[in-house]
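Protein chains in written order, with this note's numbering: chain A, 16 to 150; chain B, 2 to 311.
It should be emphasised that the hints constitute simulated quantities derived from the structure, not laboratory data. Where a beta carbon is used, it is the ideal one built from N, C-alpha and C, also for glycine. None of the hints are false.
FRET-style restraints, in silico, Cβ to Cβ: (1) B/154 / A/115: 51 to 59 Å; (2) B/33 / A/132: 32 to 40 Å; (3) A/124 / B/184: 36 to 44 Å; (4) B/190 / A/130: 39 to 47 Å; (5) A/46 / B/284: 54 to 62 Å; (6) A/124 / B/264: 35 to 43 Å; (7) B/235 / A/101: 30 to 38 Å; (8) A/59 / B/161: 27 to 35 Å; (9) A/124 / B/51: 20 to 28 Å; (10) A/23 / B/264: 49 to 57 Å.
Listed here are the chains, written in short residue letters.
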Amino acid sequence: MRVKLKTGPEPKKFIERVEELSGENVYACYQCGRCSAGCPVAFEMDILPNQVIRLVQMGLEEEVVRSKTLFLCASCFTCQSRCPKGIDMARVMEAVRYILDPKGKDAFGPDEIPVDLANELPQQVMVSICRKFSK
Amino acid sequence: MKVHYYPGCTLKEKTTNLDNSTREAMKRLDVELVEPEGWTCCGAEYPLTEEKIVGLAAPIRVLRQVREESGDVLITTCSFCYAVLKRANKAVREDPLKHKRINAYLKDDIKINALTKEKTTGFTEYNGEVKVLHLLEYLRDAVGYPKIRSRLKRDLKGLKIAPYYGCRLLRPQKEVGIDEPDNPHIFEEFLEVLGCASVDFPFKQECCGSYLSVSLPDAATEASYQILRSAGLNGAQAIAVSCPLCFYNMDRRQDRIREKFMDFTGLPVLFFTQLMAWALGVEKKVLGLDQHFYPPDHLFREEKKAEVVL
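Work out the full structure, taking the sequences as your base and the hints as a guide.
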């Protein structure tokens, strides 16, 4: 993937905001890839979890925000339990989701729940998906 | 013995079999379950960013109510409720900023008498006094395995069950983990106390796809298929779970798994409390076996009687 690096206050602001929201030190990551290796939904992702954190390190907000990986994370914390540097990747994902345009469309809101499934879905899944993927 | 019990929203409607089997089994172990008065949904997801603190208000409100009723332990069976309640409790206990902000939210929560409009109870800050335990932990630490063994009425010998932990019971270890995240054994020990054989399989701590079964069904189908297939290949007759969402993904969605993967023939998914209730002598109709997609009736055969120990 070809990306153009930017310098100046904008990328730095993005990195600082992610670190502030997640409480994690993104620079601790040395790209071993264990998070991507253990991720149960990695096969559906366009950018793998370790690539997400690399893009955050480089301050490439647009590339991260564009990826659908953010809305594939099931917060199962497999990456967190395997990270040799103790980074909680699920928190980084959540921080980036939180930064997304607050006026934009929900990635998955109550209206998207399929009507034919609404009767069989357990309540907890409807609550949790709306809390994760809507504003 | 009296203990506070938080069923959670799903157990009250979609998986009443988990709730009923828990209640019946605990009755036979002389444990009285008390629901906190006026409990609400726990929120299902613990907010992971530092700024979404309002998500902690719901679980802390439940825990505060337990403390008001002078309870010191709260047990849950749903893995989601367990994770949220336990993490929220820990956050309030250890993070002074979160403690301050949550208690500021809850200040307006004082009960008001409907008739006289007078405030009935004063507000006291919640500092994380209540201990949150999963039912498996409670059975091990408070009830004790010898007591369970002495109350068994049916013999489950010959049943091969694969214990499935899923994500919320184990990770993050520092905050919720009931056991080691990569080599857990509490579930196996419990199944062996009940008398059945536990089957070890490599997918016991993998994720079943969680809430992605709504937004991206294919991912959840694939993840659940891998777990069921691995358990079947290792010789399990059924999988035991503790989470209503794992149950939904792996049992209620088995028709969709079969559609996608032709080699999949099906595997019963049970709640561990159903096995416990059955071993303790609860009647079959209480177990709610009709709520399963893959009928597990053949695993609950009446003719198996426990040998009488004199």
